[in-house]
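**Q** Each chain is listed here by its residues.
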Amino acid sequence: AQKITQTQPGMFVQEKEAVTLDCTYDTSDQSYGLFWYKQPSSGEMIFLIYQGSYDEQNATEGRYSLNFQKARKSANLVISASQLGDSAMYFCAMRDVFYGQNFVFGPGTRLSVLP
Amino acid sequence: DGGITQSPKYLFRKEGQNVTLSCEQNLNHDAMYWYRQDPGQGLRLIYYSQIVNDFQKGDIAEGYSVSREKKESFPLTVTSAQKNPTAFYLCASRDRVDTEAFFGQGTRLTVV
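Those sequence lines, one after another, are chains A and B.
Residue numbering for the first sequence follows the working numbering, starting at 2 and increasing by one per position.
Residue numbering for the second sequence follows the working numbering, starting at 2 and increasing by one per position.
Bear in mind the hints are in silico, worked out from the structure with no lab data behind them.
Hints should not be assumed to be uniformly reliable.
[As the list claims (entries may be wrong)] Using C-beta positions, here's what the derived DEER-type ranges look like:
hint	chain 1	residue 1	chain 2	residue 2	range
1	A	Ser29	B	Asn29	31 to 37 Å
2	A	Gln15	B	Thr80	44 to 50 Å
3	A	Thr61	B	Lys15	29 to 35 Å
4	B	Asp55	A	Ser29	22 to 28 Å
5	A	Phe13	B	Thr78	40 to 46 Å
[Said to hold, decoys possible] List of simulated lysine to any residue pairs, SDA-like, C-alpha gap at most 25 Å:
hint	chain 1	residue 1	chain 2	residue 2
6	A	Lys71	B	Thr100
7	B	Lys58	A	Glu45
8	A	Lys17	A	Ser66
9	A	Lys71	A	Glu45
10	B	Lys58	A	Asp97
11	B	Lys58	A	Lys17
12	A	Lys4	A	Ala89
13	B	Lys10	A	Gly86
14	A	Lys4	A	Asp23
15	B	Lys10	A	Arg111
16	B	Lys71	B	Thr100
Ideal Cβ placement from N, Cα and C applies to all residues, glycine included.
Let's have the full structure, built from the sequences with the hints guiding it.
**A** Pasting the structure below:
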C-alpha cells in the first residue's frame, strides 16, 4: 500500500525567504507520480507541481521546485521568495501511474508566512 | 470556462436524513473522485469512478453511495448510516494517467 508522510504539522517562514516542506513516501510500485497541492483557507485544492518517478530532473514551476530523491523516497517542496499569499496548507500526494487509480494524500503542513 | 462545480457550498443536515452532494465537470475527464477532509487532516478517498456506470469503494465508503450515469456527473449521497458526516467534501477529476487531479471548491456538510 502507498503511504505519504509529512512530518511538519506547521512551518513558519519570513517573507521573501525560501522554505522546504518535507514529504516522504512508501510504495512498492516502480512507476508513480508525486504531486503537491496548496489549500488556502477557502478550501479549494490548487495543483502546484508534479514529478514522475522516472523523471531525471527535478520539476520546477515558477517559485516552486521539487527536490526529488528517489533512493530516499523523498519529494520535498521548495518555495523560493515566500509571499504572504503562500500561507496555506500544503499536501503531498502520490499515485501509481499504471495500476493505481487513486491519489494518496499526506496529512499536510500548514505554512505561515510572516511579514 | 472548464472546471469542476460542486454544490451547494454549505449544507446542513438533520440526523437521520440522506443528503446528496452534486459534482459536475465539463473537462471531459473519465475519472472522478470523492474525498472527505476532516479539520486539520488530509484527504481520504470515499469513492472513485473510472468510466460511466462503474465505480469503486475507497477507504471510507461506509455510509456513502454514488452513481455515475453521465460522464459529467458524479453525485455523492451521504446516508443516515454515516455516523459522523460533518466534514468538508471534495470532488475531483483526472484526465490522463500521469496528470494531476482537478478539484472542485468543496461542500461543507454539517449535521444539526
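**Q** Honestly, which of those hints from before does the structure not fit?
**A** Numbers 3, 9 and 11, in rising order.
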